[in-house]
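Visitor: Sequence:
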Amino acid sequence: MDSAKIHLEINAGKCIYDGNTVKPDKRKGKLVLYKICDNLYNFQWINRENNKVEDNLILTKSISLEKVDQCKTGRVYLLRNKLRGEVSFYWMQDYDDSKDEVILKIFSINISKMFVLKMEKRVFLQVFVKKFNSIIANDLAKDMGNKRRYSASDYTSGLSDLLFSQSRNMQNADSKKGVSFKDLFVSEYISKLLEIPEAYDELKK
1 MDSAKIHLEI NAGKCIYDGN TVKPDKRKGK LVLYKICDNL YNFQWINREN
51 NKVEDNLILT KSISLEKVDQ CKTGRVYLLR NKLRGEVSFY WMQDYDDSKD
101 EVILKIFSIN ISKMFVLKME KRVFLQVFVK KFNSIIANDL AKDMGNKRRY
151 SASDYTSGLS DLLFSQSRNM QNADSKKGVS FKDLFVSEYI SKLLEIPEAY
201 DELKK
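Take the sequence shown: its position 63, counting from 1, is numbered 63 in my numbering, and each next residue is one higher.
Some clues are possibly wrong.
Unchecked claim - FRET-style restraints, in silico, Cβ to Cβ:
{"id": "1", "residue 1": "G74", "residue 2": "E49", "range": "15 to 21 Å"}
{"id": "2", "residue 1": "K5", "residue 2": "G74", "range": "26 to 32 Å"}
{"id": "3", "residue 1": "K52", "residue 2": "D94", "range": "19 to 25 Å"}
{"id": "4", "residue 1": "P24", "residue 2": "D96", "range": "15 to 21 Å"}
{"id": "5", "residue 1": "V87", "residue 2": "R27", "range": "17 to 23 Å"}
Since the hints were derived computationally from the structure, they do not count as laboratory data.
For each residue, glycine too, the CB sits at the ideal point set by N, CA and C.
Generate coordinates for the entire structure from the input sequences, incorporating the hints supplied.
Guide: Encoded structure:
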């Protein structure tokens, strides 16, 4: 892990939750929040005894961190994934509780910053999600040798070019083999789109 990208780090253990009760896992660990790239953050729980990452998730606006005030025997925090209906509990292993409020504040601020897009990015996103399906229907459904019909100024031209480039490579490799939709619609072409929660939600409609 690149230490220069770490935004938050604190010693904390996991908790064992059976759906009714929460018990501390006595292993030594730490919570780490670090930046992967612009508007994309990772949250991890790392076992300090063997430096193994056990909890690893990309933060989205559906994930929140909150203190469990009902716990009187220690400082326990709840990580809630509203989208998946999942919860994880962590207990603070530092005696000094001065970081607690700072942790919640930093977590909240970083989550908020992930989704503060500049106006030009919002415009791009709107154009992308509106025209994505039409590009697939109008371009990919046609014979791959036909002339392209989209405008060079289209925001989505880059993705469409990439898809058609891949299809031509497939055809050249095996001219007798048909190119299916699933051959073109691979993760590397849309991974950036799926990293944007608003776009992902729009495409699911």
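Visitor: Work down the list of hints and note, for each, if the structure agrees.
Guide: So, going through the hints one by one against the coordinates:
{"no.": "1", "hint": "G74 - E49: 15 to 21 Å", "in the structure": "19 Å, holds"}
{"no.": "2", "hint": "K5 - G74: 26 to 32 Å", "in the structure": "30 Å, holds"}
{"no.": "3", "hint": "K52 - D94: 19 to 25 Å", "in the structure": "20 Å, holds"}
{"no.": "4", "hint": "P24 - D96: 15 to 21 Å", "in the structure": "18 Å, holds"}
{"no.": "5", "hint": "V87 - R27: 17 to 23 Å", "in the structure": "19 Å, holds"}
In this structure, none of the earlier numbered hints is contradicted; all agree with it.
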